[in-house]
Amino acid sequence: MALKLFPKGREFYELFTRSAGQVMAAANALDELVNNFVDVPAKVARIKDIEHACDKITHECFERLNKTFITPLDREDIHALITSLDDVCDAIDATAIRLQLYRVDKPTPMLKDMAALLVRCTKTVHDAVVRLDEIKNPEQILAECVQINKLENEGDQLLRKAVGDLFDTEKDAISLIKWKEIYELLEQATDRCEDMANAIETVVLKNA
Amino acid sequence: MALKLFPKGREFYELFTRSAGQVMAAANALDELVNNFVDVPAKVARIKDIEHACDKITHECFERLNKTFITPLDREDIHALITSLDDVCDAIDATAIRLQLYRVDKPTPMLKDMAALLVRCTKTVHDAVVRLDEIKNPEQILAECVQINKLENEGDQLLRKAVGDLFDTEKDAISLIKWKEIYELLEQATDRCEDMANAIETVVLKNA
Amino acid sequence: MALKLFPKGREFYELFTRSAGQVMAAANALDELVNNFVDVPAKVARIKDIEHACDKITHECFERLNKTFITPLDREDIHALITSLDDVCDAIDATAIRLQLYRVDKPTPMLKDMAALLVRCTKTVHDAVVRLDEIKNPEQILAECVQINKLENEGDQLLRKAVGDLFDTEKDAISLIKWKEIYELLEQATDRCEDMANAIETVVLKNA
Chain A
1 MALKLFPKGR EFYELFTRSA GQVMAAANAL DELVNNFVDV PAKVARIKDI EHACDKITHE
61 CFERLNKTFI TPLDREDIHA LITSLDDVCD AIDATAIRLQ LYRVDKPTPM LKDMAALLVR
121 CTKTVHDAVV RLDEIKNPEQ ILAECVQINK LENEGDQLLR KAVGDLFDTE KDAISLIKWK
181 EIYELLEQAT DRCEDMANAI ETVVLKNA
Chain B
1 MALKLFPKGR EFYELFTRSA GQVMAAANAL DELVNNFVDV PAKVARIKDI EHACDKITHE
61 CFERLNKTFI TPLDREDIHA LITSLDDVCD AIDATAIRLQ LYRVDKPTPM LKDMAALLVR
121 CTKTVHDAVV RLDEIKNPEQ ILAECVQINK LENEGDQLLR KAVGDLFDTE KDAISLIKWK
181 EIYELLEQAT DRCEDMANAI ETVVLKNA
Chain C
1 MALKLFPKGR EFYELFTRSA GQVMAAANAL DELVNNFVDV PAKVARIKDI EHACDKITHE
61 CFERLNKTFI TPLDREDIHA LITSLDDVCD AIDATAIRLQ LYRVDKPTPM LKDMAALLVR
121 CTKTVHDAVV RLDEIKNPEQ ILAECVQINK LENEGDQLLR KAVGDLFDTE KDAISLIKWK
181 EIYELLEQAT DRCEDMANAI ETVVLKNA
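Residue numbers (this note's numbering), protein chains in the order written: chain A, 1 to 208; chain B, 1 to 208; chain C, 1 to 208.
Looking at chain A on its own, in the form it has when it is part of the complex:
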């Protein structure tokens, strides 16, 4: 079942790959931030820069879509893929901003675990996106989608543990509100990776 999805649409493939690269860079930058919590404003600004770069790729994709008559994938699928990647970046940026905005003193071990999981998750998204070029091997891409779903489930469990611990130990309500939101936003980044997996799955199902 060999199929070249992007015979004349390599530009779209390249845009997806570049966007997935930015998503992975954002996750790595967040991981670095929470593991080495110094120069916070500069590191948060760095993540914002990555998010802007991702935005630019998204708009480039939309413009190209506007100029292209025959697209390698259905227009709505190209839209869904590039938008999902953008959403992951947005959630990572939103998490980083809160760490600064809420004047967090010190990342918790739980936060570090969640950031590490996100790194693995965005790496798997990137792997799947790179493979989209030739859907020779849909089973492999679908296996990566399953893997992303599994990581998202793990993320969900980490979040529940983090929030459960928070309610058990944090007696200051305002501090609890801050940490709960930070954990939830970080888990949303993983959730948006799952949306990306679903968008990939749809493309593979339609074209394989």
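Worth double-checking, as some hints may not be accurate.
One copy or two, it doesn't matter: identical chains are merged, so the pair holds either way.
[Unchecked claim] Cross-link-like lysine-lysine pairs, in silico, PhoX-like; alpha carbons within 20 Å at most: (1) Lys67 / Lys206; (2) Lys178 / Lys161; (3) Lys150 / Lys56; (4) Lys43 / Lys106; (5) Lys67 / Lys56.
Derived by calculation from the structure, the hints in this document are not laboratory data.
Quick caveat, the model's predicted, so the values are computed rather than measured.
Go by the hints and put chains B and C onto chain A.
What follows is chains B and C alone, placed relative to chain A:
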């Protein structure tokens, strides 16, 4: 305007029906939990089991989609239907987990009202799904979708009343945060039923 | 690249235009409410009336879709457009309800800024919708979509500033919870305008 939607695609129809059955079972199990709040961990685990069963049906549906060349409905609609059902189950599971995680002492009357409403809502979803087999009677299915929308509106009003009461009477901020989230998650289950109604509506509009 | 999108489907165009008009009316009514915070229940009820009117237009659109064999746009796009407009109205209504439900004393300057931004945003949505009739000028519509995206970014920044200030100054956790939710809901209205911009973009990309 008689139409057999699933002449050769009965498997999809059966997957939707089984998934809608699990959704109804989850709502009933939650209703039982809040009305008889003993053995909480076991009952929460039971809801998690139902959610896993629903997940398995969802993946079975995706795999079948992958192997089927000509589908009885558009691929993206099959995707939307099975995903919406899955989302309802997820929200019910999320609510049950919080009841245990936040060490709730006693369900409130408001929570019982919201659970009862969800039971009616998932029952209507199930009725509509069962009827999908032969769209002989689109008016009836569409009427059920309208009914689900109405129940969702009721759920919204229940939520507002519950949260309003909470702010008027609950002086402990951490307890307020817990209950607000539990109410909101339960209302989200009803919201996801509305998404399902919209997905059904789309299918009927396209095929009737 | 002149194109008449609604040669025989003027009714859909008129429904979009009417819905966008209600959305703009809701934003204006909210702006009036926060700038002249008297007769709150009556003004909140007025916004609820607008939201109901918007709902009715949405259902009229669905019914018409059900009766129309050949539609001027893809069915799913008509669905997306009318649903996005409805979602904006819902978020405005949800914000207004909280102002009453949470017994807010006095709107903050930040809330007024956010309401003013929403007025500009819904006006731009309306401008783009009106122009949908004849996509003679896709560049102009797409420019309006870009503008909506920019306003949504501004809204995001306003929200972050508002919430940051809140955590810096508000020491009462329950009051903080109320204001945080009000700000977030109002920003969600702007977010839903962005969803509308994306739906418009999709239609233009498909048809231009």
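A quick look at each hint next to the structure:
{"no.": "1", "hint": "Lys67 / Lys206", "result": "between (23 Å within a copy, 11 Å between copies)"}
{"no.": "2", "hint": "Lys178 / Lys161", "result": "both (16 Å within a copy, 15 Å between copies)"}
{"no.": "3", "hint": "Lys150 / Lys56", "result": "between (30 Å within a copy, 13 Å between copies)"}
{"no.": "4", "hint": "Lys43 / Lys106", "result": "within (15 Å within a copy, 37 Å between copies)"}
{"no.": "5", "hint": "Lys67 / Lys56", "result": "within (17 Å within a copy, 37 Å between copies)"}
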